[in-house]
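Engineer: Residue numbers (the working numbering), protein chains in the order written: chain W, 1 to 978; chain C, 979 to 1417.
No lab work stands behind these hints: they were computed from the structure. Zero decoy hints are in this set.
Some residues of chain C that are not near chain W, with every Cβ distance over 10 Å (derived):
| id | residue |
| --- | --- |
| 1 | Pro-1025 |
| 2 | Glu-1150 |
| 3 | Gly-1195 |
| 4 | Ser-1205 |
| 5 | Thr-1248 |
| 6 | Gly-1251 |
| 7 | Pro-1253 |
| 8 | Asn-1286 |
| 9 | Asn-1313 |
| 10 | Asn-1324 |
| 11 | Val-1336 |
| 12 | Thr-1345 |
| 13 | Gln-1349 |
| 14 | Arg-1367 |
Output of the computed footprint for chain C on chain W, the stretches with three or more beta carbons under 8 Å from beta carbons of chain C:
| id | segment |
| --- | --- |
| 15 | 561-573 |
| 16 | 654-664 |
| 17 | 853-859 |
Bear in mind that the values here come from a model prediction, so they are computed numbers and not experimental data. From the three backbone atoms N, C-alpha and C, an ideal C-beta is built for every residue, glycine too.
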Amino acid sequence: MNALMSERPSTSGQHCATSAARRPAAAPILLALALLMSSALPVMAQSGVVVGRVLDGRTQTPISAAQITIPGTGIGALTGGNGNFTLVNVPVGTHQVRSERLGYSTAEATATVEAGQTVQINLTMDEQALALDELVVTGAAGASRRREVAHGVAEVNMANVVEPIVSTDALLQGRVTGLEIFEAGGGAGVGSRVRLRGVMSVGMSNRPLIYVDGVRIMSEPYPPNNPPAGRFGRGNNLDPSPLSDINPNDIERIEVVKGAAATTLYGTEASAGVIQIFTKRGSTGAAVWTAQIDQGLAMARPWGTPEEPYIYMEPFLRKGLQQNYSLSVGGGTERARYFVSAALEDEEGYLVDPRPEGERPAHKNGGDGLEGIMLRANLSAQILDDLNLDFTSTYRRRHIYNFAHGNDHVSLPQNVMRGEYNYVGSADPMVIAGLLDKEMDTWIDRYITGITFNHTPASGLSNRLTIGYDQATSEARHLHPFGYVLESEGQLSNNTFRHTTLTFDYVSNYRRAFGDDALVTLSGGAQSTASETRNLMGDASSFPGPGVPTLDAGAIQLTFEERIRVINAGFFLQAMFGWKDRYFLTVGTRIDGNSAFGENFGLQTYPKASFSYVMSDEDFWPESWGTIRLRTAYGHAGRAPGAFDAVRTWDPVGWGNQVAFFPRNVGNPDLGPERTAELEIGGEWATVNGRLSVDVSHYRATVTDALFPVRQIPSLGFGGSQLENVGEFKGWGTEVSINSTPIEDLGFLRAWDLGLSIATNHTEVVEMGEETDLGVGGGGRIMVGHPIPVIRRDQILNRDEVAAPIIEEDVIKGPNNPTLTLGLSTSLRLPAGVLLSARGEYKGGHYIRDFQGASLSRGAPMPTCTQAHAYLAAGQAESLTAWERMQCIPVNYDGDFLWFEADHFKLRELSIQAPIPVPGTNQAALTVSARNFWTWKKDLMVGDPDIGGQGGSESFTHIMTEHVPAPGVITASIRVTF
Amino acid sequence: MKHHDIRSKRIRNRIRACLVIAVVSLAGCDLTPTNPGPVLDEFLDDPGAMEAIVNGMGRAFQDAFNYFNQTGSAVTRQIHTAGATGHFGVSILKQHGIIDFEEADAYWSRGSRAIWVAEHGIDRFERVMEAAAFNSSPLVAQAFLWEGYTNRIMGEHMCEAVLNGGPLEPSEVYLQRAEEAFSGAIQVGGQANTPNIVMAATAGRASVRALRNDWVGAVADAGAVPSNFVYQLQFNRFTEDQYNRIAHSSKGEPLSSLAVWNIFYEDYYTETGDPRTPWDFNPDNPVGDARVGDVGHVPFQFQTKFGNPPRDDHPANLSSGWEMRLIEAENMLRNGQWGDAIDHINVRRADVGVDPYVATDEEHAWTLFWQERGIELWIEARRMADLRRWDEQGLPGERHPLETPGHPDIQHPLFENQSLCFPIPDSERETNPNVPLRP
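Bound conformation, chain W alone (with noise of 0.2 Å):
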């Protein structure tokens, strides 16, 4: 009934024992094995020995901590991290040896034992549909099994991944229902735009909090290589994710929980859900050693018309040659498990300068790139009988060689699209290559560690204690040489950025049985984060001459520093009561503080209560119909106003040489978190012995007093935007998982599996204050009784008509966010431990802007207006089409023609999977993936969908600038366990 109680040590004593025994000194010893086998020989006579390995099912790869047994005998043992076994003084004869684990079905197999002989046995366990005592974390108050936790956890298991994994960003894309990754650009190291069911906050970040192993870590993205605010140049590129600062051969599995119901313990700052990475811990046995290398290739995928594929960017494409080398090795005894690996990256991106060596920079070999390492050491250990402590530790380097990008005076992309009308005054490649002369470099350094202290100390009672420390540095280092062809007298820009976060997260259970049916769990915890903020920039431009400059070389100097520190802490207390080990009711509270509310504001109350339901555990479920859980939750959570926000301030600005003071920000000492509430209804079913599962969320949230951005009357003097909580909004939608396994067993084919996820999101303004409607930038607003946010623009009703345009004014076109996500995967189980696999997503419902709008608007030769701009030549200009009038002819150009659905499927993932024989080792395989090679897009005339904005990915409406979108990558990868 007590998984958690089974999970931990079952008697200490004999380990005490055990530890006792091995102090005596070795004469002893010696004579005590000299008796054990002398003992022992005439057993062996009449036994032998089986060894073995278990396999996943599915991707064949080890299966470490699986218990084998063979049942009757009381011979057991665990696999390793290879998964192998051994199991010794096995009596002569058949036995049925069974492997069995958390999370798989159990499998047995048969051996026949004879006298001193080995037997080798192969077992095979395939992942439970349906596996309701497997312990999960996120959202419970400490380790729960899954039928007690009644808000939907998802989870990735990287034992189910088939290809290799380029970031952690990637490994999460399409796998988790209802969350969605957009890879906004083709630069080397961009991140991506993370968003759990949608957007819920218009004045807050809609990124999910993200903790590694308990640690909690900076989840908004780095900040992007640009010069500070106000000099040359802006939005040059995207800022990197710092979830690419996790070695994704080093995840175990995440979980992944979504909205309010799920995340009230995390209180203040969790309403956008919640991504926990659990890393590798080893094994128990030998060291198990695991070498990857993984050779790819990066290119561009079409991005523009069936004419012009690239946009004119050819001569700027290559193939860029991807490397990443990894190795690890996991081990330990009973005492103590360890996992330490170490990672290298080199990387070239699909950007090349196509000026001849020697007269380019040395960029990474012409082009963009990164280069880093990983390093992770992870200890576990039982330090006391009731004590044992998990230790996470990771460092990252990785240095990213950018070009330009985004709407920029010297952007590539940019300058390449509009031809001869660009800021060099050249279609030319060779002068056009002149702009790639400027220098984006960025270097970041991450180091996340954190101790976890589990104490027991009595039969039902735990209490953990998990202490971290986030540092996540980068410089950006942002250089116009000096004769640079835009700015002659050169610019350096360096940003360094410093985001460092404390957590210290406490929570006690005690459980309790009474009886063989009522079950009781008392949890209580606290928590505290500070997170800090340090961002200090330096600006110099107009240099002495040539040269490698530094920030004190140019005759204009400027300083920007920023030092932000926020605290959040609270505690809850949470009940837990169990009836018949299939009711589970639970109950809780979690109070928080904040130093970025109001001055007027207090504590923060957010409650929860959920229900979970095992029918399948009834009487009167038939076993034949398989296990199936209804669950209900209800919770609130919250996100909190930024620093300043509730405070009047001015920003001590300059002008020139002078102290001079501007207004910031009015300030609203009333100011407090945003609140969402949600309610989850849900069920998993797995049924036909496993072979189908579906697991089904419909969740319907309330954000009120929601964080508004509210325009202040600009003849009031302070303009700009105030958040206020005046708002409230509804969000709603359904998430389906279908995972099925329609053939088994069929003549060469062993098996042939099938996915589909659907997930549904909408939401819709309720209240705004005094607003009714409010632009967002990006040409997003937000408008009672739309959703967050919605387009709305003048549209053309004839558009492909060739006639004059019929335009209809302000038409609400619809939400900018997806509405429906399907997830699509299939993989085929092969004869020899073959595996073929493909995975898809399709994005649609909404609509985003492409980037065509400033080069429209100046007539730059865009390839959706080519044969437009021969008719207007030809002096023909009735021949154009109702949308050419508008958008081809510079006088007419309106941004508001350039929405589209953005309607689209990409194939994310396709794969081949083999074992190869390599000798001394225990495993190799040898997998073949493409990545990002397909696009369909509904729409859409030029552009990538997943394309980010000038915001960087964080943009609130999302829209197109002049990036390169997401490669395609062709990687090849062997994997050996030894």
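Add chain C to chain W, keeping to what the hints say.
Structural biologist: This is chain C only, laid out in the frame that chain W set:
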């Protein structure tokens, strides 16, 4: 065994003690961190903050001036787009002389901020200073001067006025407040012994009185300002929003977005060499940085009034003695003394070494007068108000073909419904309950 138990217990206790210490120390964190950077409003009451507040007024005015000057100059065809529509560029509609409600917020918000910063600052000084100190403070005098210029530029450019969240009013109220502020600068500047501020305020008040048709007052003020007096707005090279925008747009690197092409001043300069309207051409950078309508590339003939090559930190005139002479000349024209007016104007033309005007009649004299206003005050954010009052008051004179809406000689059309003021934008109309939504 017993010894082992004692040792284990001791270790356990130590570990637990460490955990308790960790918990207590972390739980004892200060939950109210002080973040440096932005300055709390109450700190500005400190007398030491006064200079920075006044400089903030100057910077706010400079920001507003920059935007009105660049766009106003393009809309009134004192300068021509070389193609760019976004950053430091001119939107398509404005290239054709139209200022739409949707495109007016950048100007309105900057102008409103400048007014509020100046007036709020003066109110603060009045509240925290002794009356005698207030009335003789050079900084207060400077604050009044910024308030005057800010209100003047708003009065010259906005179609209507809205103050402090109030209702729509005629733009005249800005000019009225400008006059009061200039008077304040004259009064306080006099007691503070800041003659330059007094002279600038006097010149500023003359210009405002002229706009308000107070010709007696205008001429009286103008007469007090010598011809060689100049009061300039300083720019600097630190950040883009402190650059002289027209200069930066004409620099050629990175921007070649404004040109002296297809406008009156192009030929006027080549024909006369008048140093008040200079431009140049660099064959190494022959064309503007984007296509201009159906024309394609335009020759990048860049203004050099703000330096050659143009300098981001080149100052711009806010008031000058020669402007005063034009006020006096206009007063003569209004009094029918058109010959005297032309003679008065020709003094300046002789000063800069160009041929004198010869007027054939009163209508022609008015035409030359308007032309001279354009030349003297070229790209100084003054032309829009001139064209507006010329039009609204039905004053005599004829516009040059290249600044006449709909004229066929213009290569990149100037639309018939050319805007001569900036509308109150949606940003004010949608937030201020006292102002109706756009018509």
